[in-house]
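Undergrad: Next come the chains, spelled out residue by residue.
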Amino acid sequence: MGYLDQEKTDALNKLKRERGVGNLDSEKNPFDYHAREYGTMPQDNKRAPFQWVSEVSYKNVHRIVTRGYDTTELMEEGYGVIEVLFVDYQARIPTIEEEKMLNYVMIMMMEDGLSGPAAISRIVAKSKTFLTQACGASIMAFGHAYGAYSSFGNRLEDYIKRAELENITLNQAAKLLVQENGIDEALGVSCLMLKDPAAKRMIARAQKLGVAGVNIEFMTEVVKAAQGASSEPVDIDMLGATGAVMQDLGFTPEATWAILAITRSFGAGAHYIEEVEREELSRMGQQLSPKEDYDGPADRPVPPLKDREKVSKSAICKTPEEWKKRFEEMKGVMGSGFSIIEEVADPSKKSGMKKVGKL
Amino acid sequence: MDREPTLRRKTALSYKTEEKTVMRGYSLSDMAEEGYSFYDAMFVLFQSRIPTQKEEKMLKYEMGVFLEHSMSPSAVGAIGVSAGRPNLPVCVAAAVSTFGGVHGPGAAHGYMLNKYLERGYKEGKTVDEMAKALVDDYLDNGTPVMGMGQPQHIDSDPRAEPIHLKQEELELEGVYLEFQRALEKYFHARRKADGRSYVGVNVVGSGNTALMEIGFSPNAGWCIGSVVRGFSCAAHALYNMKKGRAWGASRNEPMVQMIDLSMIKYVGPEDRIVPKQEERQEYAKKQKEEGEYKKWVI
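Chains as they are written, first to last, in my numbering: chain A, -7 to 351; chain B, 15 to 312.
So that you can see chain B by itself, here it is in the shape it has in the complex:
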């Protein structure tokens, strides 16, 4: 049996021999036997260190609370993909891949905090001053502040403040929580002053703050968040694959299905005649000249 690696790389993450698999110097089997937790292993993977107990508890809380979020883009993505009945991992891959610039933008939040912390460090400003600068910069430019607002949990994400509280209870307050708390303070004050409605902190704002505080980079934090959500999305896909109706359009179900024909609302160009090939060139030129098509270009 060919046991050559699929890709040859110099790597500081792990090696695997016939005798053992070693991650950052620790044998995985020995870690498991010793009683370390899955959360501990995440610190070893991304930070090459064993965490303190409090850090381990914080990660356990953050990952656990983020795992399930019922119908969000990730679960809906998994369910949508499952309708065609591919292999289950494909549904999960789709779910994890939904995490981008808006859905669970953990890395974006992390980079935002780091950018302003770096600026404050260079300019000799306090964390509080930089949080205010961030809020002013973003709101002046009409840019959404990462970590604030959630379209479903309009009174503030039910997971968010408890994560902050857990971080404080575990005495894990550092620059990130100080920054995030200040950011929220100035954000609320600014919106109030502008006569705008209340927008609470979301789970990225609080959860990613905690992840950064316990030493994860923006991308490592993003990986932790988006991949842990995959667990629940797989359950949603599996439920639909095992108990739901394939394709999602059957007219034999008592409830209108996800992609029943009646679910389609079309707002595009009106029905029109397909030009014959001999009419095509003239037709196409006219269409370009008139330019009406431009309003439909996406």
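This is chain A alone, in the form it adopts within the complex:
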């Protein structure tokens, strides 16, 4: 389409200037709102045209290639999903031992009973959706507490790096990690697997296969440090075992997060199917919320609209003191969000690929 021609632009803008449009003629505006162009920007011919840039894969009419390997040829040569994960995320073919180890981890991660991902998949299923929607929802259930592979792994890497930079032992770095962060949901050490040997068996398997490296070594020290610091019995859990093993297999914390959340999604798909097969669908308005579970304000009459100014309370705070007072008061209003303090970080490690696309 491009920009509207100047004559029509001027005419339209003149008309709008005469009519006035709210606050748009204010001098505080960063530019003249009644001199703006109409229509879309012309195509940019000074730069290379847009293309989907990828280091991961390409395809043409007859071929699909990931990291240089034709995917059909990979399968014909006897490789499978496990190997392609190494190819996609690490641009390499894994050793047989590495393949065995990832296979092991993925079996362990496939199913976890009725935990968050399965539950959300079932809830989505009840509203009569496509299966894929429920599988997608299950992946979103992996955050920084449940399946906290990004938080766990990046912190593990930071302290391993710190041990190198500060010339301290892994044992010392592990103690620092526990001291500085506590036994939180991303530590990989908890009371969750005191009776279930699966996490420890996984670590033993990695050692037996010869794929254990610095992450497992460091995790062993973290377990000792946590046990020393905790008044309750704690031990390595599935987050700690799978996270450390995956990182010793060369996967980044983010890759681990994605791979294992997706692996669980197969299980979540089965939960979707079973929910549809065994349970009833859910209609909007069907579910009741018992009053005995409610602890908000007591029932109160809705004031007549004409009395609004009498009963309404402004949130405007004129001073930092007023602001702070209100902020603290609002913490008592559950569901308002004032009790949550979090960083919404930009996970980009680097932004931009300035080498690509030069004309």
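Please note that the accuracy of each hint is not assured.
[As the list claims (entries may be wrong)] Listed below are the simulated DSBU-like cross-link pairs for lysine-lysine, each with C-alpha atoms no more than 30 Å apart in a straight line: (1) Lys20(A) - Lys310(A); (2) Lys153(A) - Lys257(B); (3) Lys8(A) - Lys300(B); (4) Lys346(A) - Lys279(B); (5) Lys167(A) - Lys216(A); (6) Lys167(A) - Lys192(A); (7) Lys300(B) - Lys279(B); (8) Lys279(B) - Lys38(A).
These are computed hints drawn from the structure, not numbers from a lab.
Following the hints, put chain B in place on chain A, whose structure we already have.
TA: The following block gives chain B in isolation, referenced to the frame of chain A:
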């Protein structure tokens, strides 16, 4: 720590105690220790059985070949979502959720085959006869035949025939492959007779046939296909998050970005004056009467 399940359900899939996690009766840890594969576990999950070696090989091939497909709706969805830099799982969720009635419609293909197999069974017709009936029904009605055609791989999907061949090599031919092969035969013949261009089988047509043959239901097959694609979509999102430009609109990149302003082509109503509130009622009534707006309703 509260260890109660998020949702209480009677389930035949799995249970989890403090001691172990058990899926369809098998301890997951014991399965992994015994050397079973991830593919074996998929049979246990969806079919409650250990597969034969040949079935396991077929699933390995099908899942592996389907995992990566470069720029398709799923990868593009993941990349698009990643531009805002949410948590990575959100990008993957979006990618998996792109699988619907057109992109990788595995369940639709499966239900289609089952419907005609069921009809043939009831009417005492052969698989070959039912495949022809399906092609005629669909093409007579102008309905796309699931599993045929791919907008990028216009000479037939490079993954498709090798999947059929692998199924035959592994001697896993059953009613589904017989049906699909016959469907393709009649589909090509009909299009040729109608003077239409060649449209090859796609990866759903062959891959889902294999999945159904080795015992997966349409939805289980769909789950396997769409979720396995999530692995590569996560890699695409991650690449963009780690090395690409956030937002996808920077003018400082040498290449025009995905949502650069110049990428927008607008074909909607022309620029027009926003009516003032006092003009609104009359304006709105006139707009409704004239009805020109209807051509824009979506």
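Undergrad: Look at each hint and say if it fits the structure.
TA: Structure-based check of all given hints:
no., hint, result
1, Lys20(A) - Lys310(A), "22 Å, holds"
2, Lys153(A) - Lys257(B), "22 Å, holds"
3, Lys8(A) - Lys300(B), "21 Å, holds"
4, Lys346(A) - Lys279(B), "26 Å, holds"
5, Lys167(A) - Lys216(A), "8 Å, holds"
6, Lys167(A) - Lys192(A), "21 Å, holds"
7, Lys300(B) - Lys279(B), "29 Å, holds"
8, Lys279(B) - Lys38(A), "18 Å, holds"
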